[in-house]
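Protein chains in written order, with our numbering: chain B, 0 to 355; chain C, 110 to 322.
Read the hints as simulated data drawn from the structure, not as lab findings. Built from N, CA and C at the ideal position, the CB exists for glycine as well. The reader is advised that the hints may include incorrect statements.
Stretches of chain B that chain C covers, calculated by requiring three or more beta carbons in the stretch to come under 8 Å of a beta carbon on chain C [said to hold, decoys possible]:
| # | stretch |
| --- | --- |
| 1 | 121 to 132 |
| 2 | 208 to 216 |
With beta-carbon atoms standing in for the labels, derived distance ranges [what the hints assert, rightly or not]:
| # | chain 1 | residue 1 | chain 2 | residue 2 | range |
| --- | --- | --- | --- | --- | --- |
| 3 | C | F225 | B | D240 | 35 to 43 Å |
| 4 | B | A339 | C | G162 | 25 to 33 Å |
| 5 | B | A133 | C | A203 | 18 to 26 Å |
| 6 | B | T171 | C | A132 | 45 to 53 Å |
Here is what each chain is made of, one letter per residue.
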Amino acid sequence: MELGIYSFGDVQRDAATGELGSTAQATRNLLEAIQLADQVGLDYFGIGEHHTREMPASAATVILGAAASSTSTIKLGSAVTVLSTDDPVRVYQQFATLDAVSNGRAEITAGRGSSTESFPLFGQSLNDYDELYAEKLDLLLKINESETVTWSGKFRPALNDALVVPRPERGTLPIWLATGGNPHSSVRAGLLGLPISYAIIGGQAHRFAPLADLYRRAAEQTGHGPEKIKVSVASPGFVGDDAKRAKDFFWTHWHAVMEQIGRIRGFAPPPRFHYDTEASGAGALFVGHPEEIAERIVTLHKSIGHQRQFFQTDVGQMPHRDFLRSIELLGTRVKPLVDAELGKRQRETDEATAHA
Amino acid sequence: MHKVAILGAGRVGTALARRALSAGYEVRVATSRPAADNAFMLQIVAPGAIAAGAEEAIAESDIIVLALPLSKYRTLKPELLQGKIVVDTMNYWAPTDGTLAEFEGAASSSEVVQRFLKGTRLVRSFNHMGYHEIEDAARPQGHAERRAMAVAGDDPEANLVVAAFVDRLGFDPVLSGGLASSRLFAGGTPIFGAAMTRGEMEENLGLSSENLV
Ligand SMILES: NC(=O)c1ccc[n+]([C@@H]2O[C@H](COP(=O)([O-])OP(=O)(O)OC[C@H]3O[C@@H](n4cnc5c(N)ncnc54)[C@H](OP(=O)(O)O)[C@@H]3O)[C@@H](O)[C@H]2O)c1
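Just chain C, same shape as in the assembly:
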C-alpha cells in the first residue's frame, strides 16, 4: 500500500501530494487535463509526483484520493474505480460549488458520492482540515501537538488502510464508524475546522476505546 493517486491538483491535491511524497509514497496526480499539461507544474510544486492521466493513475495506485471540487464529482468514471480504496476529501459548499440539488440538505455528501461511485470502497477523511494545515500541522507519531483526523467508511479494511495513510501523513486517525458517521465531521460540526487531539476528537464523537485504531 505505497502507491497513491490524487485526483485534483489544486490546493488540497498538491498539499496532499507533497505530504505523501515526504512520507515515502509513490504519488501520481491527475486532473481533467492531459498529464502533459500538469507535468511542468508538478515538477515545481510537488517535485517527485508523477503527472498521469486519471485512468493510469487509478490503475497504478492502491489508494485514490478525490481532491477535486465536489461540483465535478459526476465527471469521475465509476467503472475505473471499481473495488478501489477511495478517500473522499470533498465538501459541499454552494457558494463555490453552485447549488447541487442532491447535496442540499444531505447530512453527508460522501453518501451521495458513494451512491454514484457504486462498487468503490469509499472512505471520508481530510475534509475537515484546511488545506494548508495538512502541511503546517502534520507531526510525527507521539508528538504532543499531533492532531486527529477523522476517518469514516463502510468497508472496515479500507478504513484501516486509510487510517494508516493518515498516520503516515502526520495525523492521529480516529475512526468514527460507517460512512454515514462522516456527517459528524462535516461542515457545521464542532470538528470541522477545529484543531483537536485524538482524545478530544474521540470525546467529541462519543467514542469508547473499542472503536479505536
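If we strip away everything but chain B, and leave its shape as in the complex, we get:
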C-alpha cells in the first residue's frame, strides 16, 4: 500500500505573536515537507489547488517541479486540479513537463475540489460547473491518448491536429478522478478505466466500500484490465508520538478549519465528542500514534481494498515542525507496520489459494 500526504499549502501561524505567516514562507515550507516525505520513504505527495490567503497553493506544478529536482522516488501530483477553471492543454503541458523533470513521477487528479475561488478568478461561472468539468475532462483524456489532438467543445477554442508536448516517458500520465461520494462518479471512473480517489473527510470511512465495489464492477463490465483499476483514499490525518497529545493537538487545528468553513457555509462546527468518534475506530480522521494509525489503515483496507492512502495534515495554520514530525512518523513508523501487516495477509491468501 502506498502512503502519502496532501496539502493545500496552508500558511503557518506564529504561536507567540498569533500572526499569520507569509504565503511565500508557506510555499517554501511546503517544498521542505515534500523533500522530507521523500526521504522518509513516503510514496506520494499531492498539492490541492487553492487560492486563499490561508491556503495559497495555486500553482501546484511549480512547487512540484522544484520538488522534482530534490527528491528521488516520491510520486508528485495534484489533489486536486480544479480542471473546470483551467485549460486542459496547459494543465497537460505542465504535468508532462513535471513528468519529464521528475523522471516519470507526475500524476494528475481531476475533480471538483473543495475550492471554488478559481471560478471568479478565471472568469468562469459556477452555473456551468457540470458541463465545464465534463468537457474539460474529455479533452484532458484525449490529450493523454495522443500527442496530436483534434477536438471541439463549447468552452474552449477547437483544436485541429494540434501538437501537445512534451510527452510523458511512460506514454501516458496517470489521471485520477477524485470524488466525494456521488455514486455516478464511481461509475464514470470505472467506465473510463481511470484510477479513482475517494475524499473521505468525515463520518465512517468504510461507507465508501460499496462505492469502491461499484467502481470495480463498472470497470470490469467495460473490460478494463485490473492494472488500470486503482483506488486511493484521501483523509485528514496526523501522527504524533503520543496518542492523546496528538488528538488534542490536531483537534485545535481541525476545529479551527471547521469553524472557518462553518462560518462561510453556515453550519455549526462539530463538538469535541464528534471529533473523538471520527478520530477513532472506523472514523474518517486518522489521528493518533503510529501503531493506532497503521492498524486503522489496515482495517480500512479490509473493506475498501485501496492501493494508496494519503493524509491532509497541515490544517488550521499548524506549526511547520509538527507537520514535519507527522510526516516523519508516517514514513518511518506507520509505513513499515502497514507493509508488514498487509504483506503477511497477502502471504496467507497466497498460501490459502495455493492449497485450495
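Once you've looked at the hints, dock chain C with the ligand against the given chain B.
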C-alpha cells in the same frame, strides 16, 4: 404510506434510500437519466431499491423526496407532483449551485420551491443534517443519543406523514411550524449541521409542548 420515491441518487439520495429500505419502505429512485442507467449502480449501493423513471416513481409512491441539487429544481415537473407529499432536502449554496437570483436573500429556499411546485404538499426536512449522518446517526426510538430532525410544512397532514417517515428512519421529528418556519433550520442557523436531541431542538426553536408530535 410505505412507498417512497427519491429523486436524486447522489450522496443524500442513496443514503436516504438505504435508510428507507432498512426501515421497510418500498423505495424507487429516479434521476435525470433513464432508469436503466441507474439499475446497476443501485443494485450495488442501495440493494433493493427499484430503479425507475421520475414519472413512474412519483406515480407509484406516497412520499416523494427531493434529493437533487437545488440548481436543478426547475427541471422537476410540477404537474407530476400535484397533491403529492414532497420532502424537500435541498439547500441553496451558491459556490456549488451557482448564483440563482430567486434564492439570493430568500429566507427559506423551500418557499421558493413551493411557489414553483404549486399544488404539492411540500415539507422541508433532512436538509440540516450531513448526508453521512443520515446513516451514521440514525438510532432506534427511545435511544438516549437519538437526534432530532426538524420538519416544516403548510399542510398539517403532510407534516405528520413526513414526521412518521423521519421517525421510522431513526430520528425524533420536531415540527417547527409552517413552511416559512423552515428558515429556522436553514444554513446559518444554530440547528444547521448541529447534533441536537429533541429537547435541545425544541428549546432552540422556542417550542412549547403543544406543537410537538
Ligand atoms: N451533501 C449533504 O450532506 C447534504 C445534506 C443535506 C441536504 N443536501 C441537499 O441535498 C441535495 C443533493 O445533494 P447531494 O450531495 O446528494 O448531491 P449529489 O451527490 O450531487 O447528487 C445529486 C443527484 O441528483 C440527481 N439529479 C440531477 N438532476 C435531477 C433531476 N432533474 N431529477 C432527479 N434527479 C436529478 C443527480 O443525478 P443525475 O445528474 O444523473 O440526474 C444526482 O444523482 C442538494 O440539494 C443539497 O443541498 C445535501
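Hint by hint, here is what the structure shows:
Coverage of the stretch 121 to 132 of chain B by chain C holds in this model, with 5 residues showing a Cβ closer than 8 Å to a Cβ of that chain against a need of three. Counting residues of the stretch 208 to 216 of chain B whose C-beta sits closer than 8 Å to any C-beta of chain C gives 5, which meets the bar of three, so the coverage hint holds. Restraint check, C/F225 to B/D240: a C-beta distance of roughly 57 Å breaks the suggested window 35 to 43 Å. Range check, B/A339 to C/G162: about 52 Å between beta-carbon atoms, so the 25 to 33 Å window is missed.
Take B/A133 and C/A203: their Cβ atoms lie about 21 Å apart, and the range 18 to 26 Å holds. For the hinted restraint 45 to 53 Å between B/T171 and C/A132, the CB-CB distance of approximately 47 Å keeps it satisfied.
The structure fails to meet hints 3, 4 from the earlier list, while all remaining hints are met.
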